[in-house]
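4 protein chains.
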Amino acid sequence: MATKKDYLKEVVKHIDIKEHNVVKLVDDMGEMAFSARDLNRAAKIYEMMLKDDNCAVILTLAGSLFSAGLKKVVYDMVMNNMVDAIVSTGAIMVDQDFFEALGFKHYKGTKWVDDNELRDLHIDRIYDTFIDEDELRICDDTTAKIFDSMEPKAYSSREFMWEFGKYLEENGGPKCDDSVVYACYKKNVPVFIPAFSDCSAGFGLVIHQHNNPDKHVAVDSGKDFYELTKIKLHSKETGIFMIGGGVPKNFTQDIVVAADILMEEADMHKYAIQITVADERDGALSGSTLKEASSWGKVSTTYEQMVYSEATIAMPLIVGYAYHKGVWKNRKAREFHKIYQKENVTV
Amino acid sequence: MATKKDYLKEVVKHIDIKEHNVVKLVDDMGEMAFSARDLNRAAKIYEMMLKDDNCAVILTLAGSLFSAGLKKVVYDMVMNNMVDAIVSTGAIMVDQDFFEALGFKHYKGTKWVDDNELRDLHIDRIYDTFIDEDELRICDDTTAKIFDSMEPKAYSSREFMWEFGKYLEENGGPKCDDSVVYACYKKNVPVFIPAFSDCSAGFGLVIHQHNNPDKHVAVDSGKDFYELTKIKLHSKETGIFMIGGGVPKNFTQDIVVAADILMEEADMHKYAIQITVADERDGALSGSTLKEASSWGKVSTTYEQMVYSEATIAMPLIVGYAYHKGVWKNRKAREFHKIYQKENVTV
Amino acid sequence: MATKKDYLKEVVKHIDIKEHNVVKLVDDMGEMAFSARDLNRAAKIYEMMLKDDNCAVILTLAGSLFSAGLKKVVYDMVMNNMVDAIVSTGAIMVDQDFFEALGFKHYKGTKWVDDNELRDLHIDRIYDTFIDEDELRICDDTTAKIFDSMEPKAYSSREFMWEFGKYLEENGGPKCDDSVVYACYKKNVPVFIPAFSDCSAGFGLVIHQHNNPDKHVAVDSGKDFYELTKIKLHSKETGIFMIGGGVPKNFTQDIVVAADILMEEADMHKYAIQITVADERDGALSGSTLKEASSWGKVSTTYEQMVYSEATIAMPLIVGYAYHKGVWKNRKAREFHKIYQKENVTV
Amino acid sequence: MATKKDYLKEVVKHIDIKEHNVVKLVDDMGEMAFSARDLNRAAKIYEMMLKDDNCAVILTLAGSLFSAGLKKVVYDMVMNNMVDAIVSTGAIMVDQDFFEALGFKHYKGTKWVDDNELRDLHIDRIYDTFIDEDELRICDDTTAKIFDSMEPKAYSSREFMWEFGKYLEENGGPKCDDSVVYACYKKNVPVFIPAFSDCSAGFGLVIHQHNNPDKHVAVDSGKDFYELTKIKLHSKETGIFMIGGGVPKNFTQDIVVAADILMEEADMHKYAIQITVADERDGALSGSTLKEASSWGKVSTTYEQMVYSEATIAMPLIVGYAYHKGVWKNRKAREFHKIYQKENVTV
Ligand SMILES: NC(=O)c1ccc[n+]([C@@H]2O[C@H](COP(=O)([O-])OP(=O)(O)OC[C@H]3O[C@@H](n4cnc5c(N)ncnc54)[C@H](O)[C@@H]3O)[C@@H](O)[C@H]2O)c1
Ligand SMILES: NC(=O)c1ccc[n+]([C@@H]2O[C@H](COP(=O)([O-])OP(=O)(O)OC[C@H]3O[C@@H](n4cnc5c(N)ncnc54)[C@H](O)[C@@H]3O)[C@@H](O)[C@H]2O)c1
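Read top to bottom, the protein sequences are chains A, B, C and D.
Numbering (this note's numbering) for the first sequence: 65 to 411.
Numbering (this note's numbering) for the second sequence: 65 to 411.
Numbering (this note's numbering) for the third sequence: 65 to 411.
Numbering (this note's numbering) for the fourth sequence: 65 to 411.
Please note that a few of the clues may not be correct.
For identical chains, the list gives no copy identity; a pair is met inside one copy or between any two copies.
To be verified - No farther apart than 25 Å at their CA atoms in a straight line, the calculated lysine-lysine pairs in the PhoX-like style are these:
no. : residue 1 : residue 2
1   : K250      : K82
2   : K88       : K73
3   : K169      : K294
4   : K389      : K82
5   : K82       : K402
6   : K82       : K108
7   : K294      : K217
Read the hints as simulated data drawn from the structure, not as lab findings.
This one's a predicted model, so the numbers in the text were calculated from it and none came from an experiment.
Using the sequences and the hints given, assemble the complete structure.
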């Protein structure tokens with residue numbers, strides 16, 4: 065019978081946009097039709113966001129992006145001031161980014177496999193990618209350890225993610241050179257995870273709460289929403305760059321309405337692009353058009369573009385385009401993390 | 065120019081599975097191929113769940129299901145002991161169910177419309193459905209009022225949803241006869257919303273926290289996960305019936321692993337069916353096969369079936385089949401809400 | 065090792081719309097949203113086509129529909145004057161319908177199988193359906209025999225399909241009671257297959273031409289187009305009912321333009337409905353909207369409806385609705401086959 | 065009101081793979097997961113086909129590829145001996161390639177438009193692309209003129225396409241520098257169109273047959289199949305590169321079976337790659353996996369890869385990769401057109 069080693073051999077490597085100047089390629093795609101032309105327009109709108117001095121850029125992430133090799137793309141965005149806040153699923157930030165920061169890897173696999181055999185070997189599968197389940201349990205436990213070390217009260221997911229960065233800092237730094245959690249910690253880029261317990265950190269929370277029935281930390285997802293809305297209030301304009309849909313897409317679109325409700329003047333997101341394969345016909349949020357969002361007063365329709373493509377192909381092209389156009393060079397880091405320190409928002 | 069009235073004319077009506085005996089139709093679909101045969105198998109697996117005395121049934125809901133006319137299907141499931149716990153998006157339970165319980169409606173619309181005009185008229189669009197935005201704001205405000213009335217501490221979403229039911233009870237009852245929030249309250253069926261702030265209740269929370277900066281309620285999503293896991297621990301077997309994917313799908317699959325981590329004996333979900341149009345090829349959770357889930361030790365592969373169909377067509381057929389086969393008649397209400405009262409789980 | 069018998073056990077059975085009165089179900093779907101409401105509208109438009117005395121109804125078929133259990137639905141449409149002409153892929157009419165008329169069957173299978181083992185056992189797979197390859201070769205050979213028996217010249221596919229019906233008639237009748245090829249032959253409903261050689265009949269043609277290098281029959285696909293256009297010219301109004309897309313969809317939409325080119329007065333197709341899962345975003349014909357077709361002057365936009373659903377679920381509901389509403393009862397058979405006999409169109 | 069000029073302004077330009085060295089980019093995609101890794105593997109299999117001295121490469125084309133800017137990609141494949149035969153839809157070769165060879169263009173458009181206004185202006189729309197309908201009618205008429213000039217008998221589509229090339233040659237050459245029809249004519253690369261009348265040439269045939277009721281040319285699609293099979297018989301190995309699915313995919317896969325039936329030794333296609341967004345779950349041919357094809361004995365499973373992507377993005381990357389690796393440099397032109405001249409295959 066096969067062993068774990070037989071399956072976990074080839075490591076997934078993260079693509080490095082800095083090494084691929086795709087500007088001319090993406091420019092030429094703009095002269096074509098269908099997805100190529102849409103991709104070009106999205107890349108140009110992203111470039112516009114970065115050029116617009118008044119515009120804060122929020123990145124939303126859903127799907128298994130980092131296990132698929134897109135981690136360094138986001139890392140480079142953070143390090144080069146190409147993004148000011150991130151709203152993500154827990155899987156991407158904890159199970160995948162923090163996991164790799166602990167020194168673990170994702171492995172190239174295949175979907176043509178017997179999943180029952182994988183289960184027996186403690187290997188987890190994400191489509192064509194394999195993960196060592198025992199390593200994932202170490203990740204769960206590490207999050208529990210972090211929770212144990214914190215003062216027992218309610219936190220936003222942003223505060224938790226900042227603790228995760230600090231944990232890395234205090235434990236010898238990340239064991240990989242492209243951790244997004246760590247980069248955001250260093251660059252004061254806030255990271256929000258609206259469904260925080262729906263990931264490895266959720267297991268950590270269950271362990272933590274089980275062991276500390278009376279006094280334990282809590283994730284306050286309402287505080288998340290309030291804090292994210294503050295970014296809207298602190299920015300003259302906002303642009304959103306959405307990879308996939310799900311909760312991060314809706315959560316981020318909604319802060320316009322929240323800002324509005326707080327009776328403060330709030331414009332719609334001025335720029336909005338999305339990479340997705342979701343179809344609008346099921347009526348769900350992931351595939352809902354950005355025009356539909358404009359009926360809700362969330363997104364302006366002037367600069368919006370959806371790109372119908374799986375993200376591993378489209379995202380390096382779009383971000384690579386903006387990177388090699390160099391517009392980020394004069395862009396200032398907004399360091400939104402600091403607004404929460406100043407205001408000292410607490411429960 | 066058109067007025068709001070011109071758009072909000074025809075009300076969406078919820079389909080009543082009790083009126084359509086689809087047993088023979090669904091049986092005959094089982095002799096065909098493709099989605100028809102898959103749908104038949106899913107219906108039979110749901111029937112098996114209900115017949116299995118040891119099996120607790122968890123329903124997960126994602127997408128815009130209740131605005132699309134599927135509310136009464138779930139209501140009938142709750143009232144007839146065909147489901148023991150619900151894990152949902154906030155939009156379905158708050159923006160759509162609680163909203164209608166407040167007396168508001170969803171309207172038949174079209175996607176061939178100028179969304180900018182809709183925005184000016186305060187009409188929100190979900191694909192082919194229209195909503196009165198001013199009514200939605202009343203819903204937001206009502207949730208804020210509920211939050212204001214509660215003792216300021218951290219709650220699970222289940223506790224919040226129970227308060228929503230109580231609010232209806234104490235304010236003259238729901239203004240529609242098929243409120244799922246209210247039915248669950250009366251029948252002690254727990255409702256979980258893992259991304260609770262990502263909906264109308266999120267706006268309520270922002271208002272509430274804004275007005276009560278020092279002392280306010282908090283949503284503890286870690287507690288959600290812990291509480292849902294308890295259902296696994298209290299049940300010999302579990303079956304999950306998933307409509308759409310998203311956070312509710314993953315959250316519910318994960319409780320097997322959480323139960324395992326708590327060192328208690330936990331079997332995989334014995335039965336699992338899903339209605340979805342998501343494609344597995346983007347590697348995201350919504351379209352990930354139930355076989356893939358078995359590599360994670362979450363779902364047993366013996367009784368699993370995915371049905372590739374938009375839910376408004378497939379769900380009434382599957383639930384209608386089980387309803388008219390009558391297996392629910394001898395099924396006992398599990399009233400899982402009571403396990404939390406007994407144990408008195410608090411922050 | 066497994067034998068062929070182990071795989072070919074359970075026969076696919078064709079659904080009988082006459083046994084399922086779905087009128088109320090489909091009516092209630094019309095009060096919902098998304099695909100359910102679209103399906104309802106399509107069913108009503110189909111009913112309108114049948115009620116409109118001036119309207120000829122053309123059915124287009126693509127995908128593996130008859131191997132999936134939809135043969136009797138089309139058979140009942142033909143026998144009850146619910147369709148006046150059929151445009152199909154070769155696979156459906158020859159590999160699947162004529163094949164079953166020769167006494168062979170399709171078997172319930174699964175996609176979770178080793179295709180190399182199937183190949184060794186001479187079993188062909190269509191997604192979840194199995195076919196005995198040796199029986200399919202008999203079907204190929206039978207078509208070659210029919211070609212050998214015909215006068216060597218060029219024919220339209222309609223003429224070939226009429227010969228296929230005659231072959232069944234002269235050889236003891238079809239060995240199943242719901243052959244569409246045979247029903248069309250008896251009811252003078254013309255059947256067109258624009259890509260005639262792309263199926264079992266193609267293998268027959270290769271054999272026939274190989275054995276008769278100098279004088280053999282030829283398929284004239286230009287004649288097909290000319291003949292189909294005549295139906296447009298003989299009809300005041302036309303409605304098209306499309307299952308899937310592909311060549312049959314485009315071919316049938318195009319006859320409006322062809323009629324126009326022949327300088328005769330030709331209206332657009334007045335009614336058009338399509339069941340498909342194809343997405344419009346790849347720009348291909350199968351998923352192209354009927355509104356797009358109206359830019360080409362092919363389809364009027366007043367009564368058009370696309371339904372996003374796999375056909376095994378949606379088609380029985382739509383056709384069943386029209387059947388049980390009974391509008392076909394006063395409808396006359398158009399017997400379009402006769403127009404070609406009168407005009408004696410030859411090469 | 066807008067005029068035609070207002071809509072037909074920006075011309076679609078064909079991407080030039082020679083200008084984009086994507087080798088490193090595609091190599092790095094191979095270290096990722098999901099579609100990026102699949103795309104890499106497809107590119108490598110295409111490279112293997114070209115390296116394999118025994119292997120003839122057949123390209124199949126479906127969808128609106130050339131109107132979308134992919135014409136020059138195919139042109140460069142033909143000119144650099146990267147393909148030995150083409151099987152296509154009529155739309156691509158006639159309405160789009162021959163159309164541009166006559167001096168006409170495709171224009172960048174949008175789907176957010178009133179299709180009824182387009183119809184009034186004689187503008188045809190393909191998703192986000194506009195076409196001058198009056199120019200298309202000239203294309204139709206030109207094909208009719210070619211048919212009028214030919215000896216009235218039955219031809220394969222390959223013979224017709226050769227006549228189209230000759231027409232261009234004799235009328236001053238193509239009015240663009242990247243006509244695939246013309247390049248194939250010069251390079252003796254046969255072009256097959258199994259559903260030949262389902263395009264602009266179909267309108268030409270209707271005109272031609274209408275004006276010449278007694279003696280006219282006919283398209284023999286059986287001869288097509290026979291001729292294409294000869295390529296299999298003339299090649300030790302074959303590889304197929306499929307863009308989209310439809311009739312071209314099935315037709316080309318089937319020649320293995322046809323060769324087999326002719327009792328000659330025929331191996332399965334040794335290499336097979338496909339770019340498609342079609343889903344396998346509808347059971348139709350376009351999305352059917354290449355593993356499924358292996359149950360039919362058509363495709364070997366060792367070197368097969370499907371890529372889930374819209375073609376305008378994936379095709380330039382895959383072909384560009386093989387181009388810049390330079391393997392075509394030592395590859396000989398097979399000039400399959402000549403085998404039909406030698407054998408003098410006639411009706
Ligand atoms: N949908 C809304 O109108 C809306 C409104 C406010 C807030 N939200 C919030 O957005 C978040 C995500 O929302 P979501 O659940 O709508 O989106 P989603 O796109 O995350 O849905 C998850 C998946 O479920 C499947 N699915 C959804 N609807 C389906 C259907 N009708 N038939 C078959 N499959 C279906 C799809 O595969 C989809 O990928 C939630 O937190 C929700 O509360 C949504
Ligand atoms: N399908 C087969 O098993 C088979 C076998 C032999 C030959 N062929 C030949 O292959 C060619 C193309 O075949 P095709 O028609 O199978 O493929 P196709 O993929 O071209 O089908 C066309 C479109 O119809 C839609 N569609 C198909 N089936 C559907 C369903 N069940 N529900 C909803 N939408 C559906 C899809 O959108 C698809 O894109 C034809 O010439 C046919 O004769 C097919």
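How the hints compare with the structure:
1. In this assembly of identical chains, the alpha carbons of K250 and K82 lie at most 25 Å apart only when taken from the same copy (21 Å versus 42 Å across copies).
2. Proximity of K88 to K73 under the C-alpha cut-off of 25 Å is restricted to the inter-copy arrangement: shortest distance 22 Å between copies versus 36 Å within a copy.
3. Taking CA atoms no more than 25 Å apart as the test, K169 paired with K294 passes in neither setting, with 35 Å inside one copy and 32 Å between copies.
4. Within a single copy, K389 and K82 get their C-alpha atoms as close as 11 Å, and across copies as close as 22 Å, so both meet the 25 Å cut-off.
5. Within a single copy, K82 and K402 get their C-alpha atoms no closer than 29 Å, and across copies no closer than 49 Å, so neither meets the 25 Å cut-off.
6. In this assembly of identical chains, K82 and K108 lie within 25 Å of each other by CA distance both inside one copy and across copies; the values are 18 Å within and 24 Å between.
7. Taking identical chains as interchangeable, the C-alpha atoms of K294 and K217 lie at most 25 Å apart whether they share a chain (21 Å) or sit on different chains (22 Å).
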